[in-house]
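2 protein chains.
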Amino acid sequence: MKKSIGVDLGGTSVRTAIVDSEGKILKDLKESSYAKEGPSVVLPHIADMIERLGDISDCEGIGIGVPGPVDEERKVMTLSTNLPGFTGYPITRMLEERFRMPVCVGNDANAAGLAEALVGAGKGRKIVYYITQSTGIGGALIINGKVVSGKHGYAGEIGNIVIDRSRPKINGLNAGAAENEASGTAIGRYGREKFGAKNAIEVFGQARKGNADALAILDRMSYDFAQLMSSIAHVVDPDIFVIGGGCSNASDLYFGSVRKYFDELVHPAMRDVEIAKAELAEPGVLGAAFFVE
Amino acid sequence: MKKSIGVDLGGTSVRTAIVDSEGKILKDLKESSYAKEGPSVVLPHIADMIERLGDISDCEGIGIGVPGPVDEERKVMTLSTNLPGFTGYPITRMLEERFRMPVCVGNDANAAGLAEALVGAGKGRKIVYYITQSTGIGGALIINGKVVSGKHGYAGEIGNIVIDRSRPKINGLNAGAAENEASGTAIGRYGREKFGAKNAIEVFGQARKGNADALAILDRMSYDFAQLMSSIAHVVDPDIFVIGGGCSNASDLYFGSVRKYFDELVHPAMRDVEIAKAELAEPGVLGAAFFVE
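Residue numbers (numbering that gives the first Met the number 0), protein chains in the order written: chain A, 0 to 292; chain B, 0 to 292.
Just so you know, these hints were derived from the structure itself, not from any lab.
Any given hint could turn out to be false.
The list makes no distinction among identical chains, and a pair is therefore deemed to hold if it is satisfied within one copy or across any two copies.
What the hints assert, rightly or not - Restricting the straight-line Cα-Cα distance to at most 25 Å, the calculated cross-link-like pairs of lysine to any residue (SDA-like) are:
{"no.": "1", "residue 1": "Lys2", "residue 2": "Ala215"}
{"no.": "2", "residue 1": "Lys125", "residue 2": "Phe98"}
{"no.": "3", "residue 1": "Lys125", "residue 2": "Ser39"}
{"no.": "4", "residue 1": "Lys35", "residue 2": "Glu50"}
{"no.": "5", "residue 1": "Lys145", "residue 2": "Glu72"}
{"no.": "6", "residue 1": "Lys122", "residue 2": "Arg51"}
{"no.": "7", "residue 1": "Lys122", "residue 2": "Met100"}
{"no.": "8", "residue 1": "Lys125", "residue 2": "Arg73"}
{"no.": "9", "residue 1": "Lys122", "residue 2": "Pro83"}
{"no.": "10", "residue 1": "Lys259", "residue 2": "Asp163"}
{"no.": "11", "residue 1": "Lys145", "residue 2": "Arg219"}
{"no.": "12", "residue 1": "Lys168", "residue 2": "Glu281"}
{"no.": "13", "residue 1": "Lys208", "residue 2": "Pro267"}
{"no.": "14", "residue 1": "Lys74", "residue 2": "Arg270"}
{"no.": "15", "residue 1": "Lys197", "residue 2": "Gly144"}
{"no.": "16", "residue 1": "Lys29", "residue 2": "Ala275"}
{"no.": "17", "residue 1": "Lys122", "residue 2": "Asn210"}
Just so we're clear, the structure is a prediction, and the values are computed from it rather than from any experiment.
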């Protein structure tokens with residue numbers, strides 16, 4: 000069976016793994032990413048981690064998932080906010096020279112979406128739309144097992160889609176952008192304003208206890224999120240939406256409302272689009288390995 | 000050179016043509032579609048038109064474009080509002096039996112988009128997003144020369160995307176749906192309300208003369224249309240938007256504003272996405288012919 004090496008590089012930690020084509024993690028390591036030190040420290044450390052995985056002579060290549068949009072042909076991040084020094088940096092060069100195998104790089108939400116499409120909740124479906132709903136909101140479009148990343152790698156930057164233009168502008172994203180209204184950060188912000196909640200986790204906890212403010216926040220978020228999904232559905236009409244990211248751990252508290260509002264916001268024939276919770280524990284490193292063709 | 004037969008079937012007229020793979024129309028006929036008579040009249044009439052095209056023995060197949068979403072595998076329209084009796088009707092069967100060649104069917108906006116992608120304004124680009132802005136608003140996503148039509152054929156039903164949820168609900172589409180705010184019909188409606196205009200053409204004419212009301216209508220439409228495009232861009236990040244349909248004949252009056260607002264509504268790196276006017280005079284019949292692989 001085909002094997003490759005996946006690298007899931009984040010602002011805090013980095014995971015490297017040997018993965019087979021069925022999505023089995025054969026060996027893996029997770030360590031600090033040393034992101035603040037810049038690419039001249041981050042990348043040699045990744046190379047050392049790969050060597051410590053053991054025998055990689057039967058691996059077909061290395062795939063790296065990074066937090067931000069990627070120009071996949073030039074193999075550079077076009078925008079890097081959590082990895083200082085990585086914008087425009089030739090991420091793959093050192094690893095290609097050291098390991099003499101193909102190295103590819105892609106966006107981490109695309110990696111997670113690809114893994115869910117190939118071996119997770121979207122397995123066997125032609126068009127999978129993956130959404131990660133966490134600190135931010137990101138998406139990935141996978142058609143026939145291939146990621147569509149767009150001209151600049153910005154396909155999937157759905158957090159910037161306007162869901163209600165009457166909301167205030169609070170950062171660099173559009174006023175009423177989905178990420179500012181339906182992400183974990185947004186849930187936490189509304190919880191703070193309404194009843195002094197610390198974060199989204201507390202809002203979910205209070206909702207579970209029946210707190211009316213918390214329930215109202217989740218209901219509004221569900222409508223906003225459903226409207227985002229409706230916009231996406233009218234563009235690509237997927238077989239399935241797979242929802243991952245931290246918020247989806249509380250799926251029992253809001254997926255029902257999302258389903259209801261989504262059905263109101265699409266043409267009747269589209270109401271059989273499946274909405275499923277992501278299945279994989281480590282989609283990022285798996286999907287990065289799957290970047291290797 | 001490969002040849003095939005294109006059929007552009009509308010509620011009013013039907014066009015059939017022999018088309019070569021470079022998009023040259025070698026022979027064509029345009030007649031009433033007899034849509035009100037239903038498929039048992041419409042389809043034999045199309046067959047007769049195809050026979051009257053002359054020698055078709057070197058054609059590889061027949062492609063039909065129809066006004067509505069299509070299940071391409073089952074070869075049926077899943078919703079037909081302008082062609083009575085066509086919802087669920089086996090459109091291709093009679094033609095397959097009569098001509099003994101492959102017959103495929105697809106949505107007419109997808110046909111037009113495919114033609115623009117292969118031989119029109121989007122030629123040579125990897126990801127083309129085509130929008131027809133006419134009586135209604137429809138779209139088509141073409142990746143590497145192939146239409147992405149979605150699970151139910153509803154990819155491209157972008158007229159139902161909400162661009163401003165505060166607008167009144169006026170029909171079966173969502174409140175604030177793009178089609179109700181930025182189509183030719185919408186421009187005409189706002190023109191009627193503001194200064195008694197008959198239709199969109201009069202609004203465009205008055206704008207050309209400097210009428211402030213007409214200019215304000217087009218400015219608002221441009222923002223609404225740009226926001227629709229921004230939503231699409233964050234999902235598929237196309238190389239180019241190609242805008243066709245009747246409104247685009249007045250492109251000099253509003254494409255500049257659309258460009259300006261679009262740039263405000265996307266990430267800075269996405270501002271080099273091209274926005275171009277459609278180039279082809281008959282994209283529908285060409286694209287239908289290109290449905291034949």
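Problem - List of violated hint numbers, smallest to largest - result: When the structure is compared with the hints, numbers 1, 2, 3, 6, 7, 9, 11, 12, 13, 15, 16 and 17 turn out to be violated.
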